[in-house]
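Engineer: Start from chain A and add chain B according to the hints.
There are 2 protein chains.
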Amino acid sequence: MGKNAKIKKLKKKLRKLKARLVAAQTHTHAIAPLAPKTFPDLPVIAGARFAAAKAGIKYADRLDVMLAELQPGTSIAGVFTRSATRSAPVLDCQAKLGSDTSEGAAILVNAGNSNAFTGAAGDGSVDAITSEVARALSIPKNRVYTASTGVIGEPLPHDRIVARIDEMAGTLVPDGLEQAAQAIRTTDTFAKGAKAEVKMGDRTVHIAGIGKGSGMIAPDMATMLVFIFTDAKVAQDDLQSMLSELTETSFNSITVDSDTSTSDTLLLAATGASGVEVKKGNQAFRTALHGVMLDLAHQVVRDGEGATKFVEVRVTGARSDTDARTHALAIANSPLVKTAIAGEDPNWGRVVMAIGKSGAYAERDKLSIRFGDVLVAEDGWVSPQYREEDGADYMKRDELVIAVDLGVGDGTSSVWTCDLTHGYIQINADYRS
Amino acid sequence: MGKNAKIKKLKKKLRKLKARLVAAQTHTHAIAPLAPKTFPDLPVIAGARFAAAKAGIKYADRLDVMLAELQPGTSIAGVFTRSATRSAPVLDCQAKLGSDTSEGAAILVNAGNSNAFTGAAGDGSVDAITSEVARALSIPKNRVYTASTGVIGEPLPHDRIVARIDEMAGTLVPDGLEQAAQAIRTTDTFAKGAKAEVKMGDRTVHIAGIGKGSGMIAPDMATMLVFIFTDAKVAQDDLQSMLSELTETSFNSITVDSDTSTSDTLLLAATGASGVEVKKGNQAFRTALHGVMLDLAHQVVRDGEGATKFVEVRVTGARSDTDARTHALAIANSPLVKTAIAGEDPNWGRVVMAIGKSGAYAERDKLSIRFGDVLVAEDGWVSPQYREEDGADYMKRDELVIAVDLGVGDGTSSVWTCDLTHGYIQINADYRS
Numbered sequence: 081m082g083k084n085a086k087i088k089k090l091k092k093k094l095r096k097l098k099a100r101l102v103a104a105q106t107h108t109h110a111i112a113p114l115a116p117k118t119f120p121d122l123p124v125i126a127g128a129r130f131a132a133a134k135a136g137i138k139y140a141d142r143l144d145v146m147l148a149e150l151q152p153g154t155s156i157a158g159v160f161t162r163s164a165t166r167s168a169p170v171l172d173c174q175a176k177l178g179s180d181t182s183e184g185a186a187i188l189v190n191a192g193n194s195n196a197f198t199g200a201a202g203d204g205s206v207d208a209i210t211s212e213v214a215r216a217l218s219i220p221k222n223r224v225y226t227a228s229t230g231v232i233g234e235p236l237p238h239d240r241i242v243a244r245i246d247e248m249a250g251t252l253v254p255d256g257l258e259q260a261a262q263a264i265r266t267t268d269t270f271a272k273g274a275k276a277e278v279k280m281g282d283r284t285v286h287i288a289g290i291g292k293g294s295g296m297i298a299p300d301m302a303t304m305l306v307f308i309f310t311d312a313k314v315a316q317d318d319l320q321s322m323l324s325e326l327t328e329t330s331f332n333s334i335t336v337d338s339d340t341s342t343s344d345t346l347l348l349a350a351t352g353a354s355g356v357e358v359k360k361g362n363q364a365f366r367t368a369l370h371g372v373m374l375d376l377a378h379q380v381v382r383d384g385e386g387a388t389k390f391v392e393v394r395v396t397g398a399r400s401d402t403d404a405r406t407h408a409l410a411i412a413n414s415p416l417v418k419t420a421i422a423g424e425d426p427n428w429g430r431v432v433m434a435i436g437k438s439g440a441y442a443e444r445d446k447l448s449i450r451f452g453d454v455l456v457a458e459d460g461w462v463s464p465q466y467r468e469e470d471g472a473d474y475m476k477r478d479e480l481v482i483a484v485d486l487g488v489g490d491g492t493s494s495v496w497t498c499d500l501t502h503g504y505i506q507i508n509a510d511y512r513s
Numbered sequence: 081m082g083k084n085a086k087i088k089k090l091k092k093k094l095r096k097l098k099a100r101l102v103a104a105q106t107h108t109h110a111i112a113p114l115a116p117k118t119f120p121d122l123p124v125i126a127g128a129r130f131a132a133a134k135a136g137i138k139y140a141d142r143l144d145v146m147l148a149e150l151q152p153g154t155s156i157a158g159v160f161t162r163s164a165t166r167s168a169p170v171l172d173c174q175a176k177l178g179s180d181t182s183e184g185a186a187i188l189v190n191a192g193n194s195n196a197f198t199g200a201a202g203d204g205s206v207d208a209i210t211s212e213v214a215r216a217l218s219i220p221k222n223r224v225y226t227a228s229t230g231v232i233g234e235p236l237p238h239d240r241i242v243a244r245i246d247e248m249a250g251t252l253v254p255d256g257l258e259q260a261a262q263a264i265r266t267t268d269t270f271a272k273g274a275k276a277e278v279k280m281g282d283r284t285v286h287i288a289g290i291g292k293g294s295g296m297i298a299p300d301m302a303t304m305l306v307f308i309f310t311d312a313k314v315a316q317d318d319l320q321s322m323l324s325e326l327t328e329t330s331f332n333s334i335t336v337d338s339d340t341s342t343s344d345t346l347l348l349a350a351t352g353a354s355g356v357e358v359k360k361g362n363q364a365f366r367t368a369l370h371g372v373m374l375d376l377a378h379q380v381v382r383d384g385e386g387a388t389k390f391v392e393v394r395v396t397g398a399r400s401d402t403d404a405r406t407h408a409l410a411i412a413n414s415p416l417v418k419t420a421i422a423g424e425d426p427n428w429g430r431v432v433m434a435i436g437k438s439g440a441y442a443e444r445d446k447l448s449i450r451f452g453d454v455l456v457a458e459d460g461w462v463s464p465q466y467r468e469e470d471g472a473d474y475m476k477r478d479e480l481v482i483a484v485d486l487g488v489g490d491g492t493s494s495v496w497t498c499d500l501t502h503g504y505i506q507i508n509a510d511y512r513s
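Sequence lines, in order, name chains A and B. The opening residue of the first sequence carries number 81 in my numbering; numbering runs sequentially from there. The opening residue of the second sequence carries number 81 in my numbering; numbering runs sequentially from there.
Derived from the structure by calculation, the hints contain no laboratory data. These numbers were taken from a predicted model, which means no experiment stands behind them. Treat the hints with caution; some may be incorrect.
For identical chains, the list gives no copy identity; a pair is met inside one copy or between any two copies.
Only pairs whose alpha carbons sit at most 30 Å apart, straight line, appear in this in silico DSS-like list of lysine-lysine [claimed, not checked]: (1) 93 to 83; (2) 221 to 134; (3) 221 to 176; (4) 446 to 138; (5) 176 to 446; (6) 476 to 138; (7) 446 to 221; (8) 275 to 359; (9) 89 to 221; (10) 117 to 134.
This is chain A alone, in the form it adopts within the complex:
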């Protein structure tokens, strides 16, 4: 080989190595490998309009605030973090739930600052924003809901949001949900949306939802904001009880890092504009709504900080559903299980460890463990037909099912989680600085 060719070849090697070095050192926030291919084509929800703006709260030159306007008569239900240190916007929303639905309503959400642990100033910020939205849309202040996500403990520069409210009020459009989904992202690597429709006789009811959240994700709930809209007509109490019940097997069944945010907010608005009345026992609607909720919940896990594997932990045969859930969460939250998954290591011993420490009932010699269809352990030991290659092959997949049967009852629970990788450390060791 000539010297020129050699130089060329070496330079090429150098470029490749540099790229790998950068990747190894920075773990740049590329789109999560588990992300859906595209954002769904969300239906228009009659009775709801959306706008987004660049308020410069923390991020420069990107959408960071969204406004939803809801027609008079819209029922609004909510589920919130149970944190003892919840944020000012959460406390404000909780106080407003169940208020008279005859007037119009609004939801304003910002990214970049969570207005949490901001003392009396935090309440002042909420008041300033809700007053201004109420004025701009001519609705009562107690029908204006807000949510904030981002850094905790720094004063929310609410003036920057207030300065954008007239602009947003003037640009509200029925098909603005995707933009709204973009605006509420923080460390999310993709915008999250989900939809469903339900035929009811000759009419169709639509459901569309957006969400954000990738760290501090755990039951009760997560650093998660989710806003779901439907044109169904649902009484306030029915809407609330459906939402609360369906949250248990969707948003409260996902976990990224066992941490619970001070700001988690899930709001469901039913405008009633379709004219189709839905009662809380309506199975078709419940199924569709749960589908949207579970889809958004799974997307949150798929965007788990640093996640490379999407994992269902499926526990059966427990003494009760509660026991099953305790075991499932112990497995899903175990750093040792999560790092083994990251390393594509079929380390079922760590699953045994997690079951053992969960505190719920288990008998060592009655439980069985499967990775997908691969029976790994039973009768208190590795299964005689198990071959390590089978386990190792299975672990290479992007989507995994870890199934545990405890053999002591009928209790079941599924929990969804992701692996624990260098990416998680990278994102969270550097988040604020």
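Structural biologist: Frame of chain A; chain B shown alone:
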């Protein structure tokens, strides 16, 4: 520059980059930065002798098994993992505790395989080992305690251990504790030892202990093996009650990753060879014993997988000690708090989050947070005198105190932990393969 020079230069660059890439990718297991400078000079404990050997259980050509021989009359107390899937050696030890102390006793420990979740074969391995030790030392089998640490769910090749027992029985020495500490290491980056002496009148009682454990460390208990020896004469019941009580504020107050092993074993042997009788209320002895236990517990945290910071979480002003402990553990186990510490980020908002999610009582506006002496937050907000530079400066230290006063009572608790780093992921994503 000539082409030869250019090629030389490019090749040099390539070598450098390759080295950096390897460093970025491998995080080799160097000695933990928080390790003590040296192994302590442990005193001889009259009535106890030690040996170690290379059994080749998992590791090639290193000490991986230890034997302790204890003179007739030695009392032995123990505390074990509360895991529902605890290992065969743990179950065997628990069954033997409190047996007649008139005969000699022994402790045999191996590293590399935990003999956990190994079904009936696991019990067989324990039986084979304890029978052989009993024969070699002419003591009853129910006075032979074993502990195993390492991979879960693989059959223990006990023949390799049995083959070394005569060799160890023939090489027992009074000053063999340091070698024993070497033999029981798994992912530990340094051997752990601690000592104390207590003057009682004109006589001195000695305490010496060794331990291992760096991952799966959490209360109740840890992937932790600890063996403490004293020449004090203590009745079996007194020894057990002291050990159980002092465990709460030592080994049960440390956490690395919230995971609990199936094998945790803490044994305390009192040979009585000093002739000094100690009752359980003896404060001087309790203090000395607790000191040894806390020292070993801290060393385990200092060797936490990937740890670069040693952190005390000190909670005061809780409604009860139990509440304080719940808050302290929530903070110490939070992946978001632990990654912030790794990133030297004074992110007290995550501390607020952890308090909020713990489930124990807190009032947002009454709690205060200090990083060392730096008052960070009070009255539900960042303290007016707090400057981010002060927090950031403090976080650069190797040893940190995160102090939270809840302002709602007199309950206190301290918990020790470490940060969560790339090193932890590296070690645990690759452990078994």
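Engineer: Confirm or reject each hint.
Structural biologist: Each hint tested on the structure:
Proximity of residue 93 to residue 83 under the C-alpha cut-off of 30 Å is found in both arrangements, the shortest distances being 15 Å within a copy and 17 Å between copies. For the identical chains of this complex, residue 221 and residue 134 are intra-copy neighbours only, at 23 Å inside a copy versus 75 Å across copies, given an alpha-carbon limit of 30 Å. Taking identical chains as interchangeable, the C-alpha atoms of residue 221 and residue 176 lie at most 30 Å apart only when both belong to the same chain, with a minimum of 9 Å there against 70 Å between chains. For a Cα distance limit of 30 Å, the shortest separation of residue 446 from residue 138 across copies, 28 Å, qualifies, whereas the shortest one inside one copy, 53 Å, does not.
Taking the shortest alpha-carbon separations for residue 176 and residue 446, only the inter-copy value of 25 Å comes in at or below 30 Å, while the best intra-copy value is 50 Å. Taking identical chains as interchangeable, the C-alpha atoms of residue 476 and residue 138 lie at most 30 Å apart only when they sit on different chains, with a minimum of 25 Å there against 38 Å within one chain. Taking the shortest alpha-carbon separations for residue 446 and residue 221, only the inter-copy value of 29 Å comes in at or below 30 Å, while the best intra-copy value is 58 Å. Taking the shortest Cα distances, residue 275 and residue 359 sit within 30 Å of each other inside one copy (20 Å), while across copies they are farther apart (70 Å).
Taking the closest pair of Cα atoms, residue 89 and residue 221 never come within 30 Å of each other, the shortest separation being 67 Å inside a single copy and 69 Å across copies. Taking identical chains as interchangeable, the C-alpha atoms of residue 117 and residue 134 lie at most 30 Å apart only when both belong to the same chain, with a minimum of 26 Å there against 54 Å between chains.
Checked against the numbered hints given earlier, the structure breaks only hint 9 and satisfies all the rest.
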